[in-house]
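Residue numbers (this note's numbering), protein chains in the order written: chain R, 1 to 164; chain S, 165 to 393.
Everything labelled a hint here was simulated from the structure, so no lab data went into it.
Heads up, some of the hints might be wrong.
[Claimed, not checked] Quick list of in silico lysine-lysine cross-link-like pairs, DSSO-like style, CA-CA up to 30 angstroms: (1) 71(R) <-> 372(S); (2) 71(R) <-> 243(S); (3) 318(S) <-> 71(R); (4) 220(S) <-> 278(S); (5) 340(S) <-> 220(S); (6) 231(S) <-> 71(R); (7) 316(S) <-> 231(S); (8) 289(S) <-> 318(S); (9) 328(S) <-> 372(S); (10) 329(S) <-> 289(S); (11) 289(S) <-> 248(S); (12) 339(S) <-> 71(R); (13) 339(S) <-> 305(S); (14) 71(R) <-> 278(S); (15) 278(S) <-> 339(S); (16) 328(S) <-> 231(S); (17) 318(S) <-> 340(S); (18) 329(S) <-> 339(S); (19) 71(R) <-> 248(S); (20) 316(S) <-> 328(S); (21) 220(S) <-> 363(S).
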Amino acid sequence: MKQFILKSLSVFFAFLLLGMQSFAFTLKSSNSTPLTQNEIQSVSEFDDSEIYNAFAGISDLDHYLAINEGKTYAEVNQENSILLNGISATTSMPLSASSDNLALGIPSFLWGCVFGVVGLLVVYLVCEDKEQTKKALWGCVASTVVSTALYVLVIAAEVSTTTY
Amino acid sequence: MMVKSFMFLIFSFFLFVQGYSQNSYRFKADITIKVKLQDGTFQYTKGSVRYDRNYKKVLYSTFFPQKEFYVSVDTLILKYVNDKLVSVQNNPLRPELSIFHFILNNDISDFGLKNSNFSITNVEKTDDLIITKWSPPVNPKFPFGTILVSTKNKRLQSVLIHNKKGEILNRQIYKKYSFINGIEIPSEILSVSYLAGVKSYQIIEFGKIQINEQGHDSEYDFQIAKNKL
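I would like the entire structure built from these sequences, with the hints used as guidance.
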């Protein structure tokens, strides 16, 4: 009987462990802030055709470059300049807010596309207010460094106390 | 005995699946970035991107509008034009925080927020979406508000970033997933930004995605010193 219970518990915990790796769990805390209906709708009911339609005007260029791989702006300008109406000659910046701002002097496209969520936030920092957001950025970095250092100290203290 | 054997097989299967996806270490793709700015003009960039998480360098090569080459390594961004180094800039972010690193780790479903200062404050399930609300750290000077991340079948679907007033700053939508080498990869990212009541749009497309391309090590481990003038 005892063995049966132990085996059953082992199987149960094994499936629980595997299940936790596969499914999301709802996390509730004392600071839980429920989603409003507006928030849910803004996520679930957004029509992405708005974004596709915004680029209807450059579909010809899109098609041309898909066929003529490797063409530069200058080459296209020589061959078919009409395709470049309204097209800037500067590099695009993925997931950035503005084409002209450089976050800490670094092209915004690298912030957004290359550096993920942190990069995106940095770009917005720069576009809102340069001085304040630069300070905020360095503040985040500094707080992360301090938190990490404190964490390491706490762990080191715990390890040293358990040694004796 | 049979139960033990069966359990062993199940364990082995799940470990194999996880291990298989964790063997993805190299990302390569053609990239197209289309931007519509607030003033109605467009920017269009085409090129390719490479990243190897062992070398930790993101290499971004464009041919349209110009032929330029960017290397992100450690805390530096290097820009090359015609194989000549034209600028070197410092940056506090590392390639390990790039979307490519998250993709190779099969870890984009939370938009990288679990390793940030944000914390989950609510999760809602609606129809086929799971919407997670991430709240910023308690700091009056922190300029951002909540971030809503939605997933569908464990795939990142959309991200909404708000300011402190609850206004949307940016919306991103991840689409056209491919399942390559055991990992889910979005090949299209749509984005709309809201600034001062005016919208700007972006579409990022990945094409010819390759995971773990063999050979061509020098193209992933760009030797900076040799190309420096």
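Okay, the hints, checked on the actual structure:
1. 71(R) <-> 372(S): Cα-Cα ~18 angstroms, so holds.
2. 71(R) <-> 243(S): 20 angstroms, holds
3. 318(S) <-> 71(R): Violated - the C-alpha atoms of residue 71(R) and residue 318(S) are around 38 angstroms apart, more than 30 angstroms.
4. 220(S) <-> 278(S): 21 angstroms, holds
5. 340(S) <-> 220(S): Given that 30 angstroms is the threshold and the Cα spacing comes to 26 angstroms, the pair holds.
6. 231(S) <-> 71(R): 10 angstroms, holds
7. 316(S) <-> 231(S): Violated, at about 38 angstroms.
8. 289(S) <-> 318(S): 12 angstroms, holds
9. 328(S) <-> 372(S): Violated, because 39 angstroms separates the two Cα atoms, which is more than 30 angstroms.
10. 329(S) <-> 289(S): Roughly 25 angstroms separates the two Cα atoms, so the pair holds.
11. 289(S) <-> 248(S): Violated, at about 52 angstroms.
12. 339(S) <-> 71(R): This hinted pair holds, its Cα atoms lying about 27 angstroms apart.
13. 339(S) <-> 305(S): Given that 30 angstroms is the threshold and the Cα spacing comes to 34 angstroms, the pair is violated.
14. 71(R) <-> 278(S): 41 angstroms, violated
15. 278(S) <-> 339(S): Holds, because 22 angstroms separates the two Cα atoms, which is no more than 30 angstroms.
16. 328(S) <-> 231(S): 40 angstroms, violated
17. 318(S) <-> 340(S): The hint holds at about 14 angstroms.
18. 329(S) <-> 339(S): 29 angstroms, holds
19. 71(R) <-> 248(S): 21 angstroms, holds
20. 316(S) <-> 328(S): 27 angstroms, holds
21. 220(S) <-> 363(S): The given pair, whose Cα atoms are some 34 angstroms apart, is violated under the 30 angstroms limit.
The earlier numbered hints that this structure contradicts are 3, 7, 9, 11, 13, 14, 16, 21.
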